[in-house]
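Please model the entire structure based on the sequences and the hints provided.
2 protein chains.
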Amino acid sequence: MPIAEFWYEFASTYSYPAAMRVAALAEARGVVLAWRPFLLGPIFAAQGWRDSPFNIYPAKGRYMWRDLERICDTLGLPLKRPEPFPQNGLLAARAALALDDDRRADFSRKVFSAEFGEGLPIADRATIAGLLAQAGLDPREVLGRAESDANKALLRAEGARAVELGIIGAPCLVTEDGEIFWGNDRLEQGLDWAAGRR
Amino acid sequence: MPIAEFWYEFASTYSYPAAMRVAALAEARGVVLAWRPFLLGPIFAAQGWRDSPFNIYPAKGRYMWRDLERICDTLGLPLKRPEPFPQNGLLAARAALALDDDRRADFSRKVFSAEFGEGLPIADRATIAGLLAQAGLDPREVLGRAESDANKALLRAEGARAVELGIIGAPCLVTEDGEIFWGNDRLEQGLDWAAGRR
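If you're matching them up, the sequences are chains A and B in order. Sequential numbering from 206 applies to the first sequence in my numbering. Sequential numbering from 206 applies to the second sequence in my numbering.
Hints listed in this document are in silico derivations from the structure and should not be mistaken for laboratory results. Careful: at least some of the hints might be erroneous.
Since the list gives no way to pick out one identical chain from another, each pair is judged satisfied if it fits inside one copy or across any two copies.
[As the list claims (entries may be wrong)] The list that follows gives simulated cross-link-like pairs (lysine to any residue, SDA-like), each with its CA atoms no further than 20 Å apart:
#  : residue 1 : residue 2
1  : 357       : 344
2  : 357       : 232
3  : 285       : 237
4  : 357       : 345
5  : 265       : 400
6  : 265       : 394
7  : 357       : 346
8  : 357       : 207
9  : 357       : 330
10 : 265       : 252
11 : 265       : 366
12 : 265       : 339
13 : 265       : 374
14 : 357       : 228
15 : 265       : 365
16 : 357       : 262
17 : 265       : 369
Structure, rendered in structure tokens:
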């Protein structure tokens, strides 16, 4: 079966609806998904941005929040803006990366729902521990692995791989032949490509 | 019939496929289109950009050109990158604005096809005059009106209106209730909204 990589960042607003709908879209096309959490911070910093571009450029931020509202309305997803925005997604990304595939997808959806559906602070250790527990996992054990030197190094390597692939934002779908499809609104196109329907 | 405004900039790559397909999409939904050429330069300058963000951020530029290639392939549109990029779209925008609605749409598509389909320099007066002639218009007469003080002021006013609406890029569809849909990939969604199908 064809494989597509789903690259996402927990601080990224458009990664929220994408994460909530990508699994069903992939399954419908017979595409296996690899969930790859990463951090956009280093990529943005390389462009000279020390904050979300949605904060640096307020008009862009206003557009994005209204656009996200429309998208969530259409999908029937709740939307509550977390404060501050963006949330630091480091701990969530480390925890997600420390899980195997199925648990990673499930936990990641829980993080996005908490962050953008309920406005909860996912930068807080207590939030992440609570979500791990909800997922039926042992928070202490998972966070222990999440914060191991090996896992920290793995997350940095994922970031380097994202740059190498040419990823410039999140979410992105990357196909086996190296095509990148950026944006929640490109999931269908990227998965069609992955499935060989071009 | 519902009206939607199609805001576009001749220097904008994604405005090319959008301009080539928006009329048929609008007609299929019973939406009347108002073609509104404007200049992104002042909007970008307000964000501190003196060049296209696709040049300022090379990774973003690489992504965009590949993405545009895929889009044009799918639509059966030729694609040839104009040099330099971006082209200065001032004269084209002034000329388009000086035309009535039907002629504006037809001329605008001709400009985009020349620029991104053939890679022609639309910043050159000779190119624009040739395209006006191809459209069955008198280049001298149209360029005279295009460069009148009144028309120049009108184009500036259009730019101010774009900022007021919250437009941050091109192309955009703006509905009668003030919703903005940014991007070639949002034409369907914006026109559905305009037609009352939310």
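Hint-by-hint comparison with the structure:
For a Cα distance limit of 20 Å, the shortest separation of residue 357 from residue 344 inside one copy, 17 Å, qualifies, whereas the shortest one across copies, 64 Å, does not. In this assembly of identical chains, residue 357 and residue 232 lie within 20 Å of each other by CA distance neither inside one copy nor across copies; the values are 31 Å within and 54 Å between. Neither within a single protomer nor between protomers do residue 285 and residue 237 lie at most 20 Å apart by alpha-carbon distance, with minima of 30 Å and 35 Å respectively. Taking the closest pair of Cα atoms, residue 357 and residue 345 come within 20 Å of each other only inside a single copy of the chain (16 Å); across copies the shortest separation is 66 Å, beyond that limit.
Neither within a single protomer nor between protomers do residue 265 and residue 400 lie at most 20 Å apart by alpha-carbon distance, with minima of 33 Å and 25 Å respectively. When the C-alpha separation of residue 265 and residue 394 is checked against a cutoff of 20 Å, the pair qualifies only between copies, where the shortest distance is 19 Å, while the shortest distance within a copy is 24 Å. For the identical chains of this complex, residue 357 and residue 346 are intra-copy neighbours only, at 15 Å inside a copy versus 67 Å across copies, given an alpha-carbon limit of 20 Å. In the homo-oligomer, the alpha carbons of residue 357 and residue 207 never lie at most 20 Å apart, since the shortest distance is 29 Å inside one protomer and 54 Å across protomers.
In this homomeric assembly, residue 357 and residue 330 come within 20 Å of each other (Cα to Cα) only inside a single copy, at 16 Å, whereas the closest approach across copies is 57 Å. Taking CA atoms no more than 20 Å apart as the test, residue 265 paired with residue 252 passes in both settings, with 17 Å inside one copy and 10 Å between copies. Taking identical chains as interchangeable, the C-alpha atoms of residue 265 and residue 366 lie at most 20 Å apart only when they sit on different chains, with a minimum of 16 Å there against 28 Å within one chain. Taking CA atoms no more than 20 Å apart as the test, residue 265 paired with residue 339 passes in neither setting, with 35 Å inside one copy and 38 Å between copies.
Proximity of residue 265 and residue 374 under a CA criterion of 20 Å is satisfied in both settings, with 15 Å inside one chain copy and 9 Å between copies. Proximity of residue 357 to residue 228 under the C-alpha cut-off of 20 Å is found in neither arrangement, the shortest distances being 26 Å within a copy and 51 Å between copies. Taking the shortest alpha-carbon separations for residue 265 and residue 365, only the inter-copy value of 16 Å comes in at or below 20 Å, while the best intra-copy value is 27 Å. In the homo-oligomer, the alpha carbons of residue 357 and residue 262 never lie at most 20 Å apart, since the shortest distance is 31 Å inside one protomer and 28 Å across protomers.
Taking identical chains as interchangeable, the C-alpha atoms of residue 265 and residue 369 lie at most 20 Å apart only when they sit on different chains, with a minimum of 13 Å there against 27 Å within one chain.
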